[in-house]
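Q: Chains A and B supply the protein sequences, listed in that same order. Take the first sequence: its letters are residues 161 to 625, numbered as in this note's numbering. Take the second sequence: its letters are residues 563 to 1054, numbered as in this note's numbering.
FYI, nobody ran anything at the bench for these hints, they're computed from the structure. Here a beta-carbon is modelled for each residue, glycine too, at the ideal position from N, C-alpha and C. A few of these clues could be false.
As the list claims (entries may be wrong) - If you want the footprint, here are the derived chain A segments under chain B, 3+ residues with CB under 8 Å:
# : stretch
1 : 523-535
2 : 543-552
3 : 563-575
4 : 609-622
What the hints assert, rightly or not - According to the in silico footprint, chain A covers these stretches of chain B (three or more CB under 8 Å from chain A):
# : stretch
5 : 619-633
6 : 710-723
7 : 740-746
If you want the building blocks of each chain, they are given just below.
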Amino acid sequence: MNEFLTLMKSELLVTAIIFLLLFIKISKGLKNESLLPLVQVLLLVNFVLGFFFNSEGSLFGDMFTTSSLIAFQKSILNLAVYLISLLCAGWLKKTQHLAEFFLLMLSALLGMFLMISSDNLLIFYLSLELATIPVAAMANFDLDKKRSSEGAMKMILSSAFSSGILLFGISLLYGATGTVSFNELPGLLDGSPLQILAFIFLFTAFAFKLSIVPFHLWTADVYEGSPIAVTAFLSVVSKGAVAFIFMSTLYKVFQPMLDTWYILLVILAVATMLTGNLFALRQQNIKRFLAFSSIAQVGFILAGISSNDKIGTSAVVYFVLIYVFSNLAAFGVAAVISGQTGKENIDDYKGLYKTNPFLGWILALALFSLAGVPPTAGFFGKLFLLTAAGSTAAYWFITVAALNMIISLYYYLRVVRAVFMDKNEQPIEKIEISPSVKMALIICGAGIVLLGLLSWVFEHIESLQ
Amino acid sequence: MNLLLLIGAPLLTAVAVLLSRNRQQVRWISLAGSVVQLGLAAALLLAFRQETAAGNTGQVFFEMNYPLFSSLGINFHFGVDGISVAMILLTSFVVIAGVLVSWNIEKMTKEFYFLLLLLALGAYGFFISLDLFILFFFLEISVIPKYLLIGIWGSGKKEYSANKLALMLMGGSALILVGMLGLYFTGEHSFDLLALSKTAIPADTQHLLFPFLFVGFGVFTALFPLHTWVPDGHSSAPTAGSMFLAGISMKLGGYGCLRVATYLLPEGAKQYADIIIILSAIAILYGAFATMMQKDLKYINAYSSVSHVGFSLLGIGMLTQTAITGALMQMVSHGLMTALFFAVIGMIYDRTHTRMVNEMGGLMKPLPFISTIFFIVGLCSLGLPGLSGFVAEMTVFMGSWQNDDVFHRVATIAAAMSIVVTAVYILRAIGQTAMGPVKKESFLQLKDAGWNERLAAIILVAGILAIGIAPGWLNDLLRPAAEEIMNRIAGK
Chain A
161 MNEFLTLMKS ELLVTAIIFL LLFIKISKGL KNESLLPLVQ VLLLVNFVLG
211 FFFNSEGSLF GDMFTTSSLI AFQKSILNLA VYLISLLCAG WLKKTQHLAE
261 FFLLMLSALL GMFLMISSDN LLIFYLSLEL ATIPVAAMAN FDLDKKRSSE
311 GAMKMILSSA FSSGILLFGI SLLYGATGTV SFNELPGLLD GSPLQILAFI
361 FLFTAFAFKL SIVPFHLWTA DVYEGSPIAV TAFLSVVSKG AVAFIFMSTL
411 YKVFQPMLDT WYILLVILAV ATMLTGNLFA LRQQNIKRFL AFSSIAQVGF
461 ILAGISSNDK IGTSAVVYFV LIYVFSNLAA FGVAAVISGQ TGKENIDDYK
511 GLYKTNPFLG WILALALFSL AGVPPTAGFF GKLFLLTAAG STAAYWFITV
561 AALNMIISLY YYLRVVRAVF MDKNEQPIEK IEISPSVKMA LIICGAGIVL
611 LGLLSWVFEH IESLQ
Chain B
563 MNLLLLIGAP LLTAVAVLLS RNRQQVRWIS LAGSVVQLGL AAALLLAFRQ
613 ETAAGNTGQV FFEMNYPLFS SLGINFHFGV DGISVAMILL TSFVVIAGVL
663 VSWNIEKMTK EFYFLLLLLA LGAYGFFISL DLFILFFFLE ISVIPKYLLI
713 GIWGSGKKEY SANKLALMLM GGSALILVGM LGLYFTGEHS FDLLALSKTA
763 IPADTQHLLF PFLFVGFGVF TALFPLHTWV PDGHSSAPTA GSMFLAGISM
813 KLGGYGCLRV ATYLLPEGAK QYADIIIILS AIAILYGAFA TMMQKDLKYI
863 NAYSSVSHVG FSLLGIGMLT QTAITGALMQ MVSHGLMTAL FFAVIGMIYD
913 RTHTRMVNEM GGLMKPLPFI STIFFIVGLC SLGLPGLSGF VAEMTVFMGS
963 WQNDDVFHRV ATIAAAMSIV VTAVYILRAI GQTAMGPVKK ESFLQLKDAG
1013 WNERLAAIIL VAGILAIGIA PGWLNDLLRP AAEEIMNRIA GK
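For reference, chain B alone in the conformation it holds in the complex:
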């Protein structure tokens, strides 16, 4: 399969959106474009499974390589492995859902969809890049759209949040840049991921460069204590913006931490694994307890994202194959779940015009569909078996437990305890909004979800169930790639 299609589809859609005449056209073009993207992602999955079924055990598939700045060793080098396929699939799910829930945006519709598609373009490009420079390029592409989406269409203290997000992410990028150039000059003047993985990098250099890359990508995925842009950014962003931010953009960071930092610098990863574990355990617990104190639904989900994403980083820090597979599963699962969570919050806010938990109540009566989805996503978040959250977190814990020293055990137990806290805040939030007596008379007049919102929710729920009930296919995708990374760490 030609991977350029994955970049071409959002790019063409974005250009078509720019050229379109009215709001109606913009929406339908975007929807058509995102359906195509979903189709491409599904085709990629099928093609990938065919290849593996045919016994192809290559490191990357569907590789393509075009020279760009060949004198500097920069190439358009693309290729996917199981991790990329899973992430691309996740991206396409979130994109289509995001397009659907933004259906009724009235302010500057064209610009809004254009920026959303640009964000999607950055994510697809990032996941298929095998050249660090191009990877970095696609990572950075998404900074402008995020800034503008929050600043123009956001709510609350949006300018502050947009600035904070842009500057912190840029700070992360600056660190990545230094690490990347360090790799470039250590290796044979190449940005190529595969070539770099074959060069022997001295342990000293690895120890020096690993923090740059890991912390740099860590900023994107809310590594404690650099997570502070997450709550503000997510709660100020418009619904689709939050979905993209939490569902896709934070995964870019996780992917980078694993695929670039840990994979290329295994010695560095071993050196700093304990610090990663400590930081992510803090993030998990701190995120969970901070969520307990929140009254705004968006802040609840934003802080709980910090906690949930912590599991991915914890899995990476544990450095066992199962834990890394779990970390990747958690990325996919959290992407779907949090996108759905933000979508539901957006739907509720559009109707009640409040996001404060204590101002709502009894929404189940006027809004049965939305409230049901809210239930499902809440249960997924607290890790109910049968939904994706359980599978992912369970795998992380299983993998973590394989390390049998006291430190790792304590960290695992501490992280696992957060689930209790999660249950408390999730059940409380759902209970107060959906159950109980109807708080305001006006709530009874509210209309339940429209077709677009139903479709968006169903697509994401389908994803959550597909992982929750039958996690085997995702495991098959991720395990070989995780094994490859483990082989590097074990020095094979």
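Chain A with its partners taken away, still in its complex shape:
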């Protein structure tokens, strides 16, 4: 019993919050003004508790497993959810169904936790569904906007499609090996054509979730249509969780098929970087822009994964942590501006620095971090990913990746230029930022600056393995 409590601590905590919210909802309900701070405090407590009482082991006959690294990954996701609840306060306060929104978001988070911890293809499939369906409902949360419904529709259809492919892959794999357990699979994999086919189907499902090219087409529309809080959740939490399980599946389960997936990974990484970057060049809407930029970032994550080494794991986890801060800072600024003025175009950001220097600096820091320019943490994150990718001595691959960093710098600079240099007759007027949002933005900014220079964060991640 005690073991059950400590091993499933993260899941139980999130479940407890979900039930608490349900009780509040069905009793008499709270006004948004008091419910939101309550949820924020609960999420903070949840995040802090994530660092205590951790242990390693598995449950339910090796269905569920956890380790210090997995606990750390869950903490990253917890942190991201907490920051989203702070950053998007402006929009959250205005929604009619705040309690439901958090119910959905936390259910999805619970699904992701189970997914990261899954040690069996069945539980993996179930938790993946739990992590996806609530998000589709969340995407539809701007009830009066057509685009929001359109995005939700696209998301649910493509998710259903990828789930189908995943199930097909799982059943083929089961047919070929006779097991669905992550621990038994590696011994039974020999790279026969049927297994490769099954693997490709599984890979495709991951590719859908991570929006790896050519399975990225849903991303931009869903990101653009959804409310910013949901876009942020999708691009940071959802991506991060899938990246973690994707990596551990490849390393742990499909190790015998290394040759197959290495080639696949490298080719798709290059395609994903290039496509994300080239499409981001001409975007006008900041959310679409960030959507394509996040596709490009996934390409770099794939590059890190391709190392098939301890350093790959550390680099990816570290990068996702930095990515949480950088991307959420960018989304946070976009959320503040959109919440106040409804403006979401890059052209509207012209002259932002004159009226809102604080937002201007945070946005610039975030974009520089995404571009991988020092002294921001993004520089270290990207470089470690490339170092990991270089450990296989694939010089042309690092060269292509490094050249991609130049393309990405071009479009990130476009936004910086709009904010700092371009003149605008009617710039966005001075925005009053509430203290909690300001705090969250400062946390993000501090994270972007400090995470790189404080090397113990990386060393800590390294020591968890």
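Fit chain B to the given chain A structure using the hints.
A: For chain B alone, coordinates are given in the frame of chain A:
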């Protein structure tokens, strides 16, 4: 001496600038900070001379090593040799002059000085780093400040220039990154410069990696044909920005070409030396002739920078000890000279509101001080004995001449001919602006340099004279380090 002070001083100054209340405070804090930096650089020089006088023949001095990402073999490994000391001294001169000439900036003063100091921080950190990763980190730090300085405070087609500069420099960085990772995995997973210099790197690998590193750093120092960001970037930047760009940032590239590419990959350097010579000879001549066609003072200096920096690369390509010493001298000399040149152009532009040579004339009458400085810097640029330019270029030619085959001789002669062209454009520019009848009535009302501008100019002129009249001390600094590099090339 503790080298961290060199990073700490600009960092603290930058933070203090951010916290300051008004423009007055910002300016004085920056000035105080840059005086401290100058003092530190001077103290470093003295300490270094003491060490060498005491017979310390180590490869690097004042070494310090703190683990950073130790699992990846990345450390805060700092240390200086003669080259670094000279470069740090140059940086501190340019920084203080840059702070002084920007005294009257009114637009977003705080941000302006903050970015300038960040740029200085990057340069100091770069010159003292002995770990390639940290070196790269400091090199890249300066990209954001450069971009913003040009884009916000610049003039002309500033957005275009800022973008071009940022992207080209980032491209150079990308190449450096690949070369750096190549070294990392060839060696024993270490970014340490000293450790790498002791590992035997196979010749094939050297041939493969050398172009990445040399061209990558070459972009920073206007290696032909990747120099195109220089004219646009320099002419669009604000005065202090141009001074920092040409005076410091371009030297980062030269230092990297020599200290990283050539030093770590001597076989690669031998393989590609002829190409380097050809490219730099083209840059020298092309830069000189292109300058002849320019009418904008800033473009004149920008193109002449391409030509002058070519001498550094030529010296490196010649692979003799004297030529390499000359290349290093040229870096220091050009840094001081070009910073002063841009400072003078800025002073003239602030007053006449034009940079076109043909719109000016007779400025000697209303602006005697500024015009005199303009003369001095012009003469330095065309290599008048007694000023730093002569010493540096002469050393490069001497070193080049030591290679006695036809190819090297031809290249040397071609490069030397550029001096004639330089004389033409420099004398013409000075003649048209300072001499002759006063072109406009309004010019007579102009006020000569203020205290800050005088001080800035005097500091830089002092540097130029110190090298020009008594080059011995600089030679003493640079020669042992150049010898060390030559030993590597000769395979000792």
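Q: Does each hint hold? Answer for all of them.
A: Okay, the hints, checked on the actual structure:
1. Counting residues of the stretch 523-535 of chain A whose CB falls under 8 Å from any CB of chain B gives 4; the rule of at least 3 is met.
2. Evaluation of the coverage hint for the stretch 543-552 of chain A: fulfilled, as 6 residues show C-beta separations to chain B shorter than 8 Å, against a requirement of three.
3. Given a C-beta distance limit of less than 8 Å, the hint that chain B covers the stretch 563-575 of chain A holds, as 6 residues qualify and 3 suffice.
4. Residues of the stretch 609-622 of chain A lying with their CB closer than 8 Å to a CB of chain B number 4, which satisfies the three-residue condition for coverage.
5. Coverage of the stretch 619-633 of chain B by chain A holds in this model, with 5 residues showing a Cβ closer than 8 Å to a Cβ of that chain against a need of three.
6. Counting residues of the stretch 710-723 of chain B whose CB falls under 8 Å from any CB of chain A gives 5; the rule of at least 3 is met.
7. Only when three residues or more bring their CB closer than 8 Å to a CB of chain A does the claim for the stretch 740-746 of chain B stand; here the count is 4, and the claim holds.
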